[in-house]
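Asks: Residue strings, one per chain:
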Amino acid sequence: MIRNLSALVAGIVFGLGLVISQMVNPAKVIAFLDIAGNWDPSLAFVMGGAVIVTFIGYRLVWSMKKPLLGETFQLPQKREIDAKIAIGAVLFGMGWGLVGLCPGPAIAALTFGGGKAVGFIAAMAIGMLAFELGSKALSRNRG
Amino acid sequence: MENFTPVSATLGGMLIGLSAVLLMGLHGRIAGISGLFSGTVFAGTGDRLWRLFFVVGLVGAPLIYLIATNHMPAFDLQAGWPIVVAGGLLVGFGTRLGSGCTSGHGVCGLSRLSARSLVAVIIFMGAGMATVTAVRLLTGGTPS
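Protein chains in written order, with the working numbering: chain G, 1 to 143; chain V, 1 to 144.
It is possible that part of the hints are untrue.
To be verified - To spell it out: a stretch of chain G is covered by chain V in this simulated footprint if at least three of its residues, at any positions, have a beta carbon under 8 Å from a beta carbon of chain V; those stretches are:
(1) 8-19
(2) 47-58
(3) 84-98
(4) 116-129
Unchecked claim - Computed footprint of chain G on chain V, listed as stretches where at least three residues anywhere in the stretch have a Cβ under 8 Å from a Cβ of chain G:
(5) 4-18
(6) 105-115
Derived by calculation from the structure, the hints in this document are not laboratory data.
Glycine residues also receive a C-beta, built at the ideal position from the N, C-alpha and C atoms.
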């Protein structure tokens, strides 16, 4: 239970960060991406604050033998920069620019963003499902 | 730059970083929201419950903020329904194909000095900026 409760706390802290930085507001995100308009650099400061704390904090926790509630540190092993990551990032960037929402803020906005926040999450889940089904079909054909 | 909020942006960002450090120090996991959400909804393993609790915390945070400050967070979404749905599909498919989003590649990947994540961040920020600029040109250039 302590594993689940600590994950709940981490989710709350993440969500409060998104609310305080106003990243839950699509207009604020679009104002960062709108370099030809009335540019608002705030998102770069959100990234900067997050990366500084994470960069230092990761090195502190990695000095432990293992996580306090887990067995190992599970880090992504992939190194190659391939077409999948490039095309995926382009598609994600297009959707992000169209609406001003990425997954974290969209989920946090479920409670106060109204129908469009819910609709965005539903479409996002369908997009993820399409990827799952597509990769299963591909691996079946290859196998 | 009239809406520039560097102090609240940096403070909020530091909380996001703290959350990423908590998840690594306690669970040994990357705080990538697209992966956490996808794992909650689609993964068929017994490992999904802590992910669900993280997502519940994320959903509940604005309510805690509302109770603490008596202010509802601002939410200004100009896009119409067809764009919202298209954007959601692109974000969902794109984050899975590209193995991450702003949190996984942006916050956690850059902090791990991952070249793969740096490339992803540059590409999705560039694609986002190009998309907003294209929308601006197509809709007559009025600032949102």
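Asks: Against this structure, judge whether each hint is valid.
Replies: Now for the hints, and whether the structure bears them out:
1. For the segment 8-19 of chain G, the stated coverage by chain V holds: 12 residues have a C-beta nearer than 8 Å to a C-beta of that chain, and at least 3 were required.
2. Note: the segment 47-58 of chain G has 11 residues with beta-carbon separation from chain V under 8 Å; the three-residue rule is met and the coverage holds.
3. Check result for the segment 84-98 of chain G against chain V: holds, 15 residues qualifying (beta carbon to beta carbon below 8 Å, three or more required).
4. For the segment 116-129 of chain G, the proposed coverage by chain V is satisfied: 13 residues have a C-beta within less than 8 Å of a C-beta in that chain, meeting the threshold of three.
5. Closer than 8 Å: that is the beta-carbon criterion, and the segment 4-18 of chain V has 14 residues meeting it against chain G, so the requirement of 3 holds.
6. Restraint check on the segment 105-115 of chain V versus chain G: 10 residues with Cβ-Cβ distances below 8 Å, three needed, restraint holds.
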